[in-house]
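**Q** Starting from the given sequences, assemble the full structure and let the hints guide the process.
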Amino acid sequence: DTGVSQNPRHKITKRGQNVTFRCDPISEHNRLYWYRQTLGQGPEFLTYFQNEAQLEKSRLLSDRFSAERPKGSFSTLEIQRTEQGDSAMYLCASSLDLGWGYNEQFFGPGTRLTVL
Amino acid sequence: AQRVTQPEKLLSVFKGAPVELKCNYSYSGSPELFWYVQYSRQRLQLLLRHISRESIKGFTADLNKGETSFHLKKPFAQEEDSAMYYCALKFMEYGNKLVFGAGTILRVKS
Chain A
3 DTGVSQNPRH
13 KITKRGQNVT
23 FRCDPISEHN
33 RLYWYRQTLG
43 QGPEFLTYFQ
53 NEAQLEKSRL
63 LSDRFSAERP
73 KGSFSTLEIQ
83 RTEQGDSAMY
93 LCASSLDLGW
103 GYNEQFFGPG
113 TRLTVL
Chain B
101 AQRVTQPEKL
111 LSVFKGAPVE
121 LKCNYSYSGS
131 PELFWYVQYS
141 RQRLQLLLRH
151 ISRESIKGFT
161 ADLNKGETSF
171 HLKKPFAQEE
181 DSAMYYCALK
191 FMEYGNKLVF
201 GAGTILRVKS
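Residue numbers (our numbering), protein chains in the order written: chain A, 3 to 118; chain B, 101 to 210.
Treat the hints with caution; some may be incorrect.
Said to hold, decoys possible - SDA-like cross-link-like pairs, simulated, lysine to any residue; straight-line CA separation at most 25 angstroms:
#1 K115/B - I205/B
#2 K59/A - M192/B
#3 K165/B - T105/B
#4 K109/B - T116/A
#5 K59/A - S75/A
#6 K115/B - S210/B
#7 K59/A - E193/B
#8 K165/B - Y127/B
#9 K59/A - P131/B
#10 K165/B - E106/A
#11 K109/B - T40/A
#12 K157/B - T40/A
Claimed, not checked - Far from chain A, some chain B residues (derived; all Cβ distances over 12 angstroms):
#13 K115
#14 P118
#15 S128
#16 Y136
#17 K157
#18 G166
#19 T168
#20 K173
#21 E180
#22 D181
#23 K209
Think of the hints as simulated: they come from the structure by calculation, not from any bench.
A virtual CB, placed ideally from N, CA and C, is assigned to each residue, including glycine.
**A** Shown next, in the form of structure tokens:
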């Protein structure tokens, strides 16, 4: 296990198509986060999971976006009917939440989405 | 509103010169702040957190609640410090989600 992995690393799609990204967190990490990063900006929080439960969603996550973490391990982020404004780097991070203190979030390499 | 501001998009210094990357925050609660770094072609990684009060790779950062700042400093810059630096604020109320600033590119020239 060499860290958080994300697939694909790059995705080019046409407007209106659906896309799905996958994130594999570090084994045993119970928290998983999705962030989006557009050019010139820092990452922006989208949603997070505690095991398989999705506990928080940003208002940035429109109804075209859905995320799952079915068995509390890997997660998928789907965007339906993509728009050009969805073009961004999508980052996944995971952490081991021990119920106290700050537990470092380890980031994946990201999936770069380009919507034509 | 909760916000993290990094006023400089680019900071260019000569090797051996002091470095200060600025970060200001706006948060009504008790803040926990971090600096993340992204080297060329690498993933985002934690550099340091204010609560541990440690020095990593010669970098330090002090939380100043009066000025709502968390500036990152290093007395003598090295070429390998060239990277993108992000200041981030933790939201305990939202599962420890992070709010990031826009980032500052640090270029250390030889």
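**Q** It remains to establish, for every hint, whether it holds in the given structure.
**A** These are the hints, each one checked on the structure:
Proposed proximity of K115/B and I205/B is supported: the alpha carbons are some 15 angstroms apart, at most 25 angstroms. Among the hinted pairs, K59/A with M192/B is consistent with the structure: their alpha-carbon atoms are about 15 angstroms apart, no more than 25 angstroms. Straight-line distance between C-alpha atoms of K165/B and T105/B comes to about 15 angstroms, which keeps the hinted pair within the 25 angstroms bound. With a C-alpha separation of about 24 angstroms, the suggested pair K109/B and T116/A falls inside the 25 angstroms cut-off, and the hint holds.
Only pairs whose Cα atoms come within 25 angstroms are accepted, and K59/A paired with S75/A is accepted, the gap being roughly 19 angstroms. For a cut-off of 25 angstroms, the pair hint linking K115/B to S210/B stands: about 5 angstroms separates their Cα positions. Taking the CA atoms of K59/A and E193/B, the gap is near 13 angstroms; set against the 25 angstroms cutoff, the hint holds. Proximity of K165/B to Y127/B is assessed by CA-CA distance (about 10 angstroms); at most 25 angstroms being required, the pair is judged to hold.
For the proposed pair K59/A and P131/B, the alpha carbon gap of about 21 angstroms is at most 25 angstroms, so the pair holds. Proposed proximity of K165/B and E106/A is supported: the alpha carbons are some 23 angstroms apart, at most 25 angstroms. Using a Cα cut-off of 25 angstroms, the hinted pair K109/B and T40/A holds, with the two alpha carbons roughly 15 angstroms apart. Taken as a hint, the K157/B and T40/A pair is broken in the structure, with Cα atoms around 28 angstroms apart against an allowance of 25 angstroms.
Listed as outside the interface, K115/B is consistent with that label: its C-beta sits roughly 27 angstroms from the nearest C-beta of chain A, beyond the 12 angstroms cut-off. The claim that P118/B lies off the interface holds: its Cβ sits roughly 24 angstroms from the closest Cβ of chain A, which is beyond the 12 angstroms cut-off. No Cβ of chain A approaches the Cβ of S128/B within 12 angstroms, the least distance being about 18 angstroms, so the stated non-interface status holds. Not every Cβ of chain A is farther than 12 angstroms from the Cβ of Y136/B; the closest lies at roughly 8 angstroms, contradicting the non-interface assignment.
The claim that K157/B lies off the interface holds: its Cβ sits roughly 16 angstroms from the closest Cβ of chain A, which is beyond the 12 angstroms cut-off. No beta-carbon of chain A comes within 12 angstroms of the beta-carbon of G166/B; the shortest separation is about 23 angstroms. No beta-carbon of chain A comes within 12 angstroms of the beta-carbon of T168/B; the shortest separation is about 17 angstroms. Separation of K173/B from chain A is adequate, the least Cβ-Cβ distance of about 20 angstroms exceeding the 12 angstroms criterion.
The beta carbon of E180/B sits about 20 angstroms from the closest Cβ of chain A, which is more than 12 angstroms, so the claim that it is off the interface holds. The Cβ of D181/B lies farther than 12 angstroms from every Cβ of chain A, with a closest approach of about 19 angstroms, so its non-interface assignment holds. Residue placement check: K209/B keeps its beta carbon more than 12 angstroms from all beta carbons of chain A (closest about 22 angstroms).
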